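*Asks:* In order, the protein sequence lines correspond to chains A and B.
Sequential numbering from 8 applies to the first sequence in this note's numbering.
Sequential numbering from 8 applies to the second sequence in this note's numbering.
No lab work stands behind these hints: they were computed from the structure.
Keep in mind that this is a model prediction, so the values were computed, not measured.
C-beta: ideal position from N, C-alpha, C; glycine also.
Some clues are possibly wrong.
To be clear about the criterion: a stretch of chain B counts as covered by chain A if any three or more of its residues have a C-beta under 8 Å from a C-beta of chain A, and this derived list gives those stretches [as the list claims (entries may be wrong)]: (1) 20 to 30; (2) 175 to 189; (3) 216 to 230.
Single-letter residue listing:
Protein chains: 2
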Amino acid sequence: MSTATTERYTVISADCHAGGSHEQYRSYLDPAYLERFDEWRARYRNPFRDLQDDTRSRNWDDDRRLTEMDADGVVAEVVFPNTVPPFFPTGVVIAPAPTTREDYELRLAGIRAHNRWLADFCAAHPERRAGLAQILLNDVDDAVAEIRWAKEHGLAGVLLPGVAPNTLEPLFSPTYDPIWAVCAELELPVTHHGGGSSVPDLGRYPWTAAMYIMEVGFYANRALWHLILSGVFERHPGLVFVLTEQGSSWLPETLDRMDALHEAMVAGHFGGELGPSPFVLPRRPSEYFAEHCFLGASFPPPADAEVFHRIGIDKVMWGSDYPHREGTYPYTRESLRRTFAGWGEADLRKVLAGNAARVYGFDLEALAPIAARCGPTVDEVATPLETIPADATSPAFTRA
Amino acid sequence: MSTATTERYTVISADCHAGGSHEQYRSYLDPAYLERFDEWRARYRNPFRDLQDDTRSRNWDDDRRLTEMDADGVVAEVVFPNTVPPFFPTGVVIAPAPTTREDYELRLAGIRAHNRWLADFCAAHPERRAGLAQILLNDVDDAVAEIRWAKEHGLAGVLLPGVAPNTLEPLFSPTYDPIWAVCAELELPVTHHGGGSSVPDLGRYPWTAAMYIMEVGFYANRALWHLILSGVFERHPGLVFVLTEQGSSWLPETLDRMDALHEAMVAGHFGGELGPSPFVLPRRPSEYFAEHCFLGASFPPPADAEVFHRIGIDKVMWGSDYPHREGTYPYTRESLRRTFAGWGEADLRKVLAGNAARVYGFDLEALAPIAARCGPTVDEVATPLETIPADATSPAFTRA
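Only chain A is shown next, with the shape it has when bound in the complex (with noise of 0.2 Å):
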């Protein structure tokens, strides 16, 4: 074989799911809360069908993961949550916010105890895992203390809780400049996940999920001009902001209309009726975005990666989903070739690893010898997919 034909591309995933099993958190949890954690998981039905079969220890086996994910041809993730942690009514990235005292500290404590598994579960493979911690906005105080822990027990950034509006203050409330001020000063992205939405119980009726899917998306992007316009990032120079399974194609048109809105408030023309001296940030929100914010892209059909480069090819991370039914495993080769057969090699290892590199601080060169045994090689990407397989669900395979 020539050289060509064994180089490979270092993969890295910007959004795989893990979380321990509730005996697992039962270990990590303030002792405090035992009592109230054994009622609660005696009590606790999970709804959801790939926590419930043999898929579900992919959450948290090391050697099934790793050996899934170097079959695959993944060598390091960034991990959100996927498990409900102790006294969540969901899975972390769909839950409402609490709204009663007793009920954020209950999930505080909880969340507690999955970023102390998950500090151990990412320091076993540090060099393959970049963890989230989970934070609430309910208390920004909290929220703070929760974030130093973070960073000194190694996470490599932040999630977002999904904001359903109008329980908690919005995304753009000054209320939560202390969470934006520490992200900043200890250099940890802030990551937004797509699956909050205004649909406070999706078995009130029968239609409920059908409008959860149609506005999805809206109430992750919206995170984005949430913080661009109220001046986030005027404020805080050094903040990273990544948005993570959330689509593509919205984003160069969401900008433009941010300009054009930027635009015509630069040259006045807004009516008092809506809001006395509005602000005017100094900087076309666009420059923000370029400056501050990421894109994760998970398990991208070609049309998304065709808007790749519009968005810039330095601001974009390819992500499998794993362990996800959406995601692209265990057909991630075969979805590398389908969406990006026709792109060239610097820029895809941009896409597949170096941005990620950049944003949550992995080390490309401790992967190396990973990707040398198991990534895909780059003419294998370059050859496009002719059959797609079988059993695929992934919108990688089924979307244009």
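Dock chain B against the given chain A, drawing on the hints supplied.
*Replies:* Same frame as chain A, now just chain B:
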């Protein structure tokens, strides 16, 4: 002149705004509320520029309104509200729902005064005006009673208020079935106008208005999937629904997304995590749109008009948005030339008048003499616009 050069279009605006002055509303108000009205009026400060200066009489001055619309080439209008009714905090299309019983009762008296004013305003020129009755969603029995009153007094449809999330029941709630039922029974189209949002207080932060502008489209558009996907048109086969002043380009893509979601639901691709026994519509979402829904496309720039063919030429109604600053007045003729110069006459007659006549009950024969006097000629509209009027501010001119 040949016949061709003198033949004219009948132009109906499916989106105009009018309302009484506070003095007029006072005369229509239930006398039980007069004392409180005078107190409220003494305190109320109107935030709208165009309700403070000398343009405000366009809302109620018959002579001025008809003279200006004639000059603009528009012979008839669907009348949405504009001024601030008694006891409202702001204009009705952007006002959040009342949150206390007392506020609700006062505002109900306010919109009843408006509806009674509107019935007289329309009766003065019945062939030229189709008025939309305002309702509130806080009390469904009250809303149904007001809708019956509106039908008996010649109003042509019902305007839904904007629904902010998590304050009232969402539009997909079965709570509202009696409203859909009475509108279907009385053959009154239900119209939803852009303006609601999840931003309850536009003046709260200096950047809140920017959030409103970024999100107002979504909070309007979502009424479409809330009604279709919850089966409203399945339960109410006679119901007609109109989406007005909320863009056009989002619509085909949204119908595609709904159809794809429906296809996935039919195939059973729903996990238990999204709710038990999801409701699966017996027909595709786009079929309900085709049978029940219409788009009120206000001040469309050329790119919006290109989408009309994808939406369906029988489904779209042009609107001027008179007397708003973003509307096409006084340059409706120029706007029609810019947007529609390349169109065929038969299609354009539907978009400019035929569809609105069908939906809101205008009598095209009764309008013909007025159109013969002041409508734009077919040849005029077919002549591409070379120079945009220097003081034109409508998106009809400023957008591609």
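*Asks:* A separate judgement is required for each hint: does it hold in the structure or not?
*Replies:* Structure-based check of all given hints:
Figure legend: the stretch 20 to 30 of chain B, annotated as covered by chain A; annotation inconsistent (0 residues with Cβ-Cβ distances under 8 Å, at least 3 required). Given a C-beta distance limit of less than 8 Å, the hint that chain A covers the stretch 175 to 189 of chain B holds, as 4 residues qualify and 3 suffice. For the stretch 216 to 230 of chain B, the proposed coverage by chain A is satisfied: 9 residues have a C-beta within less than 8 Å of a C-beta in that chain, meeting the threshold of three.
The structure fails to meet hint 1 from the earlier list, while all remaining hints are met.
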